[in-house]
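Trainee: Letter by letter, the chains look like this.
Number of protein chains: 2
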Amino acid sequence: MKWEDNVRKVVPYVAGEQPQKKGIIKLNTNECPYPPSPKVEGRMKQMDYQDLRLYPEFSEKTMLSDMLVSYHGIGKEQIFIGVGSDDVLSMAFLTFFNSDKPVFFPDITYSFYDVWAEVYGIPYEVKPLDDDFCIRREDYLKENGGIVFPNPNAPTGVFMDVSEIEEIIAANRDVVVIVDEAYIDFGGTSALPLINKYDNLLIVRTFSKSRAMAGARIGYAMGNERLIRYLNDVKYSVNSYTMNRMALELGAACMEDDAYFKEICSKIIATRERTAKELTALGFTFPPSYGNFIFAAHNKVKAQDIFEKLKKHDIYVRYWNKPRIDNYLRITIGTDEQMDALFAALREILA
Amino acid sequence: MKWEDNVRKVVPYVAGEQPQKKGIIKLNTNECPYPPSPKVEGRMKQMDYQDLRLYPEFSEKTMLSDMLVSYHGIGKEQIFIGVGSDDVLSMAFLTFFNSDKPVFFPDITYSFYDVWAEVYGIPYEVKPLDDDFCIRREDYLKENGGIVFPNPNAPTGVFMDVSEIEEIIAANRDVVVIVDEAYIDFGGTSALPLINKYDNLLIVRTFSKSRAMAGARIGYAMGNERLIRYLNDVKYSVNSYTMNRMALELGAACMEDDAYFKEICSKIIATRERTAKELTALGFTFPPSYGNFIFAAHNKVKAQDIFEKLKKHDIYVRYWNKPRIDNYLRITIGTDEQMDALFAALREILA
Chain A
11 MKWEDNVRKV
21 VPYVAGEQPQ
31 KKGIIKLNTN
41 ECPYPPSPKV
51 EGRMKQMDYQ
61 DLRLYPEFSE
71 KTMLSDMLVS
81 YHGIGKEQIF
91 IGVGSDDVLS
101 MAFLTFFNSD
111 KPVFFPDITY
121 SFYDVWAEVY
131 GIPYEVKPLD
141 DDFCIRREDY
151 LKENGGIVFP
161 NPNAPTGVFM
171 DVSEIEEIIA
181 ANRDVVVIVD
191 EAYIDFGGTS
201 ALPLINKYDN
211 LLIVRTFSKS
221 RAMAGARIGY
231 AMGNERLIRY
241 LNDVKYSVNS
251 YTMNRMALEL
261 GAACMEDDAY
271 FKEICSKIIA
281 TRERTAKELT
291 ALGFTFPPSY
301 GNFIFAAHNK
311 VKAQDIFEKL
321 KKHDIYVRYW
331 NKPRIDNYLR
341 ITIGTDEQMD
351 ALFAALREIL
361 A
Chain B
11 MKWEDNVRKV
21 VPYVAGEQPQ
31 KKGIIKLNTN
41 ECPYPPSPKV
51 EGRMKQMDYQ
61 DLRLYPEFSE
71 KTMLSDMLVS
81 YHGIGKEQIF
91 IGVGSDDVLS
101 MAFLTFFNSD
111 KPVFFPDITY
121 SFYDVWAEVY
131 GIPYEVKPLD
141 DDFCIRREDY
151 LKENGGIVFP
161 NPNAPTGVFM
171 DVSEIEEIIA
181 ANRDVVVIVD
191 EAYIDFGGTS
201 ALPLINKYDN
211 LLIVRTFSKS
221 RAMAGARIGY
231 AMGNERLIRY
241 LNDVKYSVNS
251 YTMNRMALEL
261 GAACMEDDAY
271 FKEICSKIIA
281 TRERTAKELT
291 ALGFTFPPSY
301 GNFIFAAHNK
311 VKAQDIFEKL
321 KKHDIYVRYW
331 NKPRIDNYLR
341 ITIGTDEQMD
351 ALFAALREIL
361 A
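Residue numbers (this note's numbering), protein chains in the order written: chain A, 11 to 361; chain B, 11 to 361.
Please keep in mind that the hints were generated in silico from the structure rather than gathered at the bench. Glycine included, every Cβ here is placed at the ideal spot set by N, Cα and C. Please note: incorrect hints may appear among the correct ones.
Label-pair distances were calculated between CB atoms; the ranges are [said to hold, decoys possible]:
#	chain 1	residue 1	chain 2	residue 2	range
1	A	Ala280	B	Pro133	54 to 60 Å
2	A	Gly293	B	Val21	42 to 48 Å
3	A	Lys86	B	Gly85	43 to 49 Å
Restricting the straight-line Cα-Cα distance to at most 25 Å, the calculated cross-link-like pairs of lysine to any residue (SDA-like) are [as the list claims (entries may be wrong)]:
#	chain 1	residue 1	chain 2	residue 2
4	A	Lys272	B	Gln60
5	B	Lys49	A	Asp243
6	A	Lys207	B	Lys19
7	B	Lys322	B	Ile34
8	B	Lys321	A	Lys32
9	B	Lys86	A	Tyr208
10	A	Lys86	A	Thr199
11	B	Lys32	A	Met77
12	A	Lys19	B	Asn108
13	A	Lys310	A	Asn331
14	B	Lys32	A	Met54
15	A	Lys19	B	Ser109
16	A	Lys32	B	Phe68
17	A	Lys277	A	Glu67
Just so you have them, the derived chain B footprint on chain A, three or more residues with Cβ under 8 Å [said to hold, decoys possible]:
#	region
18	116–129
19	221–230
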């Protein structure tokens with residue numbers, strides 16, 4: 011059909027499976043195994059459905075925005091809120107990577123980066139991680155149109171020290187550097203304090219992992235006021251109201267409960283360390299993880315085989331049939347009980 | 011700062027004011043004056059906050075999607091769901107208007123169209139409405155990169171007959187024609203049946219007006235399966251999960267209550283007709299409206315004066331200081347009581 015000539019043709023990102031089957035152990039999309047804070051439940055019961063007839067408030071003028079500002083000790087003009095960190099990152103790509111020079115990101119990383127580059131027509135170059143899955147700083151010191159990487163990296167879990175990140179930012183003052191901190195709450199140290207030193211740094215966060223609210227779709231970014239203003243200009247050129255009233259309210263309720271947040275992060279970290287020991291005993295190797303997942307290869311059995319066999323045990327983990335990582339499984343850290351079920355299944359599969 | 015060279019610089023859309031003051035009469039953003047269906051309240055109380063830890067289902071595989079498909083009697087592959095019709099339209103611009111030829115839309119129309127064209131770098135030409143604010147079909151018969159217009163048009167309220175729309179679609183089989191039916195439920199006839207005849211037609215709807223759920227951010231599009239597939243490819247290249255769990259659930263609950271939906275639409279239409287009589291008596295002229303608003307000019311007093319004075323009465327209507335429409339007010343149809351307050355204020359202002 012002739013109209014198809016004008017269509018933007020893209021190969022979309024493929025998210026992890028969302029099986030609807032009951033009783034499965036879902037360790038494939040890095041969701042939190044614990045429910046959100048009970049404060050979220052309380053707020054849900056208090057919401058007035060009649061308010062839904064009215065448009066929401068502008069995201070940056072909400073209670074949620076105020077709470078994030080105060081929690082992180084940043085300025086009111088230093089925050090941007092979006093529909094999960096995917097929305098925030100997508101907007102940031104569209105806003106800041108508007109150059110003829112290639113954007114740089116690692117070869118093994120969040121697999122949405124090249125998809126965003128393709129959909130917005132942004133040139134890019136991937137920079138191979140070293141054999142330990144570490145970012146090679148020297149790769150990021152060449153002329154480029156912008157830089158983006160997660161820290162800790164996904165799906166590897168590898169954490170880069172903030173001093174190394176600072177070197178990259180300092181060497182690239184003429185472009186925007188995005189540090190995607192989706193997994194920062196599981197033991198890493200944030201680069202956030204650098205936003206007041208470097209006006210070209212954008213830090214991105216999500217409620218989907220450590221805050222147990224993947225279903226509410228909340229993400230945010232922090233940076234220099236001017237950076238945030240540009241981001242908002244593009245956002246308000248796409249959709250005035252991206253955050254619905256329910257997400258704004260429940261997100262604010264979540265932020266009220268720091269004790270619960272700290273508790274679930276600690277539990278996940280403890281389970282991760284226990285899982286690391288068990289996986290080692292089972293013959294897996296993996297880089298030390300700072301995320302709520304472990305990226306592991308077995309010394310004898312192929313990842314794809316294990317992946318398929320775990321499914322038959324109703325245990326879903328993540329597998330990518332891609333160069334360099336096609337012998338690895340990304341295993342989300344669940345509850346201790348879920349991990350025990352995983353170890354039992356693995357013992358059976360590997361026997 | 012050097013990084014600013016790479017920034018996409020745009021002039022964002024400016025939505026109507028969202029004053030937080032209590033007790034104001036808000037007739038400025040075409041919200042519904044009635045609350046959503048009580049079924050929405052019921053569903054809100056049943057929602058399990060624990061589910062929020064999990065990502066939502068993919069929008070086109072939800073109960074909401076099923077209900078829209080069955081309500082409109084279309085195929086399962088003919089629906090696309092987004093974060094309000096703004097998200098749907100924005101995605102459609104990005105997906106379908108990917109040509110060097112200009113996209114056509116009216117000069118007086120939804121003022122987001124040129125903003126989307128600018129942010130995505132889409133060439134466009136505006137086509138002046140005639141003196142009665144009607145679309146001149148002949149303007150849309152020249153070579154173009156796509157066509158978009160609302161029916162009924164906003165902010166004029168003017169409705170174009172489906173047979174005339176069909177002429178435009180039939181004459182433009184080589185591009186996509188988007189008919190934005192945000193206001194179709196207030197008396198107009200939908201072009202929806204044409205989607206099975208013309209594979210280049212996309213119909214866009216919203217829950218923000220007739221379904222009283224502006225705060226939930228739900229919109230959708232219907233069209234040929236192939237059109238919808240392209241749209242989903244772009245959407246899944248931007249954000250896998252745009253609809254949060256709450257919106258998906260509450261949207262489905264809303265669709266369960268067709269009697270309530272019909273009742274509030276009838277009430278708004280009745281109040282609109284009463285408002286039309288009163289405004290005429292007060293010296294206003296306006297095209298016949300098929301929306302939940304009236305676009306009116308006064309025969310003596312300037313629109314901007316009335317706009318400012320109404321604000322002092324705590325009544326907000328919409329005013330644009332733009333060529334051709336700078337003597338018009340767009341007045342949302344509220345409840346009968348709200349309109350009585352408006353008439354009283356107008357009588358005082360115009361006296």
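Trainee: Against each hint, give a clear statement of whether it holds in the structure.
Mentor: These are the hints, each one checked on the structure:
As the Cβ distance of Ala280 (chain A) to Pro133 (chain B) is approximately 57 Å, the hint placing it in 54 to 60 Å holds. Look at Gly293 (chain A) against Val21 (chain B): about 59 Å separates their beta carbons, and that is not inside 42 to 48 Å. Against the hinted window of 43 to 49 Å, the Cβ-Cβ separation of Lys86 (chain A) and Gly85 (chain B) comes to about 47 Å, which satisfies the hint. Taking the CA atoms of Lys272 (chain A) and Gln60 (chain B), the gap is near 18 Å; set against the 25 Å cutoff, the hint holds.
In summary, the hint linking Lys49 (chain B) to Asp243 (chain A) is not supported, as the alpha carbons are separated by about 37 Å, beyond the 25 Å threshold. Proposed proximity of Lys207 (chain A) and Lys19 (chain B) is supported: the alpha carbons are some 24 Å apart, at most 25 Å. This hinted pair checks out: Lys322 (chain B) and Ile34 (chain B) have alpha carbons roughly 10 Å apart, not beyond 25 Å. A distance of roughly 55 Å separates the Cα atoms of Lys321 (chain B) and Lys32 (chain A); the hinted pair therefore is violated under the 25 Å criterion.
Among the hinted pairs, Lys86 (chain B) with Tyr208 (chain A) is inconsistent with the structure: their alpha-carbon atoms are about 49 Å apart, more than 25 Å. At roughly 23 Å between alpha-carbon atoms, Lys86 (chain A) and Thr199 (chain A) fall within 25 Å of each other, so this suggested pair holds. With a C-alpha separation of about 23 Å, the suggested pairing of Lys32 (chain B) with Met77 (chain A) holds against the 25 Å cut-off. With a CA separation close to 10 Å, the supplied pair Lys19 (chain A) and Asn108 (chain B) stays within the 25 Å bound.
Simply put, Lys310 (chain A) and Asn331 (chain A) have alpha-carbon atoms about 18 Å apart, close enough for the 25 Å limit, and the pair holds. The hinted pair formed by Lys32 (chain B) and Met54 (chain A) meets the criterion: a straight-line CA distance of about 23 Å does not exceed 25 Å. For a cut-off of 25 Å, the pair hint linking Lys19 (chain A) to Ser109 (chain B) stands: about 12 Å separates their Cα positions. Distance check on the hinted pair: Lys32 (chain A) and Phe68 (chain B) sit about 17 Å apart at the alpha-carbon level, within 25 Å; holds.
A threshold of 25 Å between alpha carbons decides the hint, and for Lys277 (chain A) with Glu67 (chain A) the separation of about 35 Å lies outside it, so the pair is violated. Counting residues of the region 116–129 of chain A whose CB lies closer than 8 Å to any CB of chain B gives 4, so the stated coverage by that chain holds, three being the minimum. A stretch counts as covered by a chain when three or more of its residues have a beta carbon under 8 Å from one of that chain; for the region 221–230 of chain A and chain B the count is 6, and the coverage holds.
Hints 2, 5, 8, 9, 17 from the list above are not met by this structure, while the remaining hints are.
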